[in-house]
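The residues making up each chain are set out below.
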Amino acid sequence: MIHNDLIPLMVGVPLAGAFLNALLGRKLKGVPDLLGILCTMGTLFLGFVMLRLVNAHHVLLFEVGNWPPPIGIAMVVDGLTVFMLLTVNLIAFLVVLYSTNYMSRYTQKWQFYSLFMLMLAGMNGVIVTGDIFNLFVYLEIAAVASYALVAFGTERQELEAAFKYAVMGSLGSMFVLLGVVWMYAHTSTLNMADMAMVLRDGGSGEIVLLASVLFLVGFGLKAALVPFHAWLPDAHPSAPAPISAMLSGVLIKALGVYAICRLFYSVFGITWELSTILLTLGTVSMCVGVLLALKQWDMKRLLAYSSISQVGYIMIGIGIGTPLGILAALFHLFNHSVFKSLLFLGSGAVEYATGTRDLRKMGGLARRMPLTAGTSMAGSMSLAGIPPFAGFWSKLLIVVAAVQAGLYGYAIIAIVASILTLAYVMKMMRYGFLGNLPERLKGIKDVPAMMKLSMSLLALICIAGGLLLLPQVRELFLTDASKTFKAGTELAFRIMSEVR
Amino acid sequence: MAVYVLCMVLFCVGIYAVVSKRNLIRIIIGIMISENAVNLFFIATAYRIGGRSPIFSPLTDVQNMVDPLPHALVLTAIVIGLATTALMVALAMRLHEKYGTFDIAQIRELRG
Chain A
1 MIHNDLIPLM VGVPLAGAFL NALLGRKLKG VPDLLGILCT MGTLFLGFVM LRLVNAHHVL
61 LFEVGNWPPP IGIAMVVDGL TVFMLLTVNL IAFLVVLYST NYMSRYTQKW QFYSLFMLML
121 AGMNGVIVTG DIFNLFVYLE IAAVASYALV AFGTERQELE AAFKYAVMGS LGSMFVLLGV
181 VWMYAHTSTL NMADMAMVLR DGGSGEIVLL ASVLFLVGFG LKAALVPFHA WLPDAHPSAP
241 APISAMLSGV LIKALGVYAI CRLFYSVFGI TWELSTILLT LGTVSMCVGV LLALKQWDMK
301 RLLAYSSISQ VGYIMIGIGI GTPLGILAAL FHLFNHSVFK SLLFLGSGAV EYATGTRDLR
361 KMGGLARRMP LTAGTSMAGS MSLAGIPPFA GFWSKLLIVV AAVQAGLYGY AIIAIVASIL
421 TLAYVMKMMR YGFLGNLPER LKGIKDVPAM MKLSMSLLAL ICIAGGLLLL PQVRELFLTD
481 ASKTFKAGTE LAFRIMSEVR
Chain B
1 MAVYVLCMVL FCVGIYAVVS KRNLIRIIIG IMISENAVNL FFIATAYRIG GRSPIFSPLT
61 DVQNMVDPLP HALVLTAIVI GLATTALMVA LAMRLHEKYG TFDIAQIREL RG
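Going line by line, the protein sequences match chains A and B.
Counting from 1, position 466 in the first sequence corresponds to residue 466 in this note's numbering; the numbering is continuous, with no gaps.
Counting from 1, position 22 in the second sequence corresponds to residue 22 in this note's numbering; the numbering is continuous, with no gaps.
No lab work stands behind these hints: they were computed from the structure.
A portion of the hints provided could be inaccurate.
To be verified - If you want a taste of the chain A side facing chain B, the calculated C-beta under 8 Å gives, among others:
(1) Pro68
(2) Val137
(3) Val144
(4) Ala161
(5) Ser170
(6) Leu171
What the hints assert, rightly or not - What the simulated footprint calls covered on chain A by chain B, stretch by stretch (three residues with Cβ under 8 Å from a Cβ of chain B suffice, anywhere in the stretch; the number is not a length):
(7) 145-154
(8) 174-181
To be verified - Distance ranges between label pairs, derived from CB positions:
(9) Lys27/A - Ala86/B: 24 to 30 Å
(10) Glu475/A - Ile78/B: 34 to 40 Å
(11) Lys27/A - Leu82/B: 45 to 51 Å
(12) Ile29/B - Ala423/A: 43 to 49 Å
(13) Ala83/B - Tyr106/A: 52 to 58 Å
(14) Gly205/A - Leu82/B: 32 to 38 Å
(15) Lys27/A - Leu69/B: 38 to 44 Å
(16) Ile78/B - Pro448/A: 42 to 48 Å
(17) Ser104/A - Val3/B: 53 to 59 Å
Beta carbons are placed, not taken as given, at the ideal position from N, Cα and C, and that holds for glycine.
Model the full assembly from the supplied sequences, consistent with the hints where possible.
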């Protein structure tokens, strides 16, 4: 473990970007695009720097205000953190590239970038923080920015979706805060590592159980696990396409899945009951999401339900809890971020060109928009789990992990859900991009260059993503992340013993 | 003990308003009530029986003082709550412009 002064820049750079945008972007035309690209490029670069450092030293620590951890706020970067940071910032960078063209349809581009950067700062903060109340604060920064972004178009549907999302989101945050209160009252500390130590020494009682339930509800709402999913299919399609890509691609994972993993594995210590709950929630999400996606005709709404279902897969992998299961879940998390943002950007491109999201009014777009169709096809194949694409490998690993752990039922359900996934993906491709071109859409053109560039890069990652499983690459990226889970509360012990 | 019961009651009142009311403004008020119940509860957990204010000075030997940390945290939580509320009120105003009503039964274009 070493101290590292770069960690707060993960939050600081996008935060500075947001405020500079608000100051300068209003007057100067090119500034918002430029700042957006520079900031996300910067955070992505920092992510790679940290990946190298974590490979060498395993844990990086930053003490805010130079107060040693149990007193001050700590920022901790370990394998899982750096994995999430790279995923989030990679998607953010590509989405910003796409927005430079796409968002010129809207007025007030600087407001969009300011909110976007705030959301990114919140997400990076949730990921790097080692303090449980600090996590709540960053969670709210990201969440409030995302409520505003969903309403960005200020049309009837956007506003309705944003209001629903804001109400559900505030309820979720309230449960998280209540959980924090109980944990603070029980352990008298807010530092996650210290809290894990106190829980290990003092044992866990009913209060920890109560707090676990509160956190599960709160973060479950953010991750849109099934009993808490009602806001997602409204909010994600209503937002502008780049924001849909961010929300579905990384926000639900950084705020929901990552926070659940961090608390339940590194602080509370996973138990048999908790992993069963995660497995059950995952399975229910997977099935309900896939069945509801099948009957959608709105392209983005279909993708939103698909997100619910795919987060179910990730939770199953995490619930299985074996090293292979965790590795598979993390790999699927990365893949889902890539292909779901690609598909949302693709649907945005279709809406940009044709002005509709209704699959019944489209058809034959492949002839007019070959690149959008091609990249969306790559994303769809990855989503459906067709062999050479990355999505196939992660789903296969999840099923194999379930079989190895003796959970045959879950493995069978996962396979059936995967077949149904193929069905709705085929529906989208068949009605959207193949078939006959309607008379009305004869004159459409493919989208501008930056949108094409961003979608092509994502499609490339979709195709080449399977290479992440090669032993040398896996050591760098995925194995370190899954070790965090195996270490569990040991991680806390290591941090605290070195600090003292 | 009575304070904890009050927090519990307030929290339930807030949740009830969110779940059962059809007026946007009442839903927002419900959320505010619940939020403040959580904040109140946080403050209540900081209290120590017979505790005094947590101000150190070299002259007095403080034995039993209330925990100052939750007060600082609740201040942050209140500010965050303010931001959320302001945003939701803004959304409600925009919704009223578009639909001419605060009734959620009439604001439902999204379904399925």
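| query | Which earlier hints can't be squared with this structure? | reply | 1, 10, 11, 13
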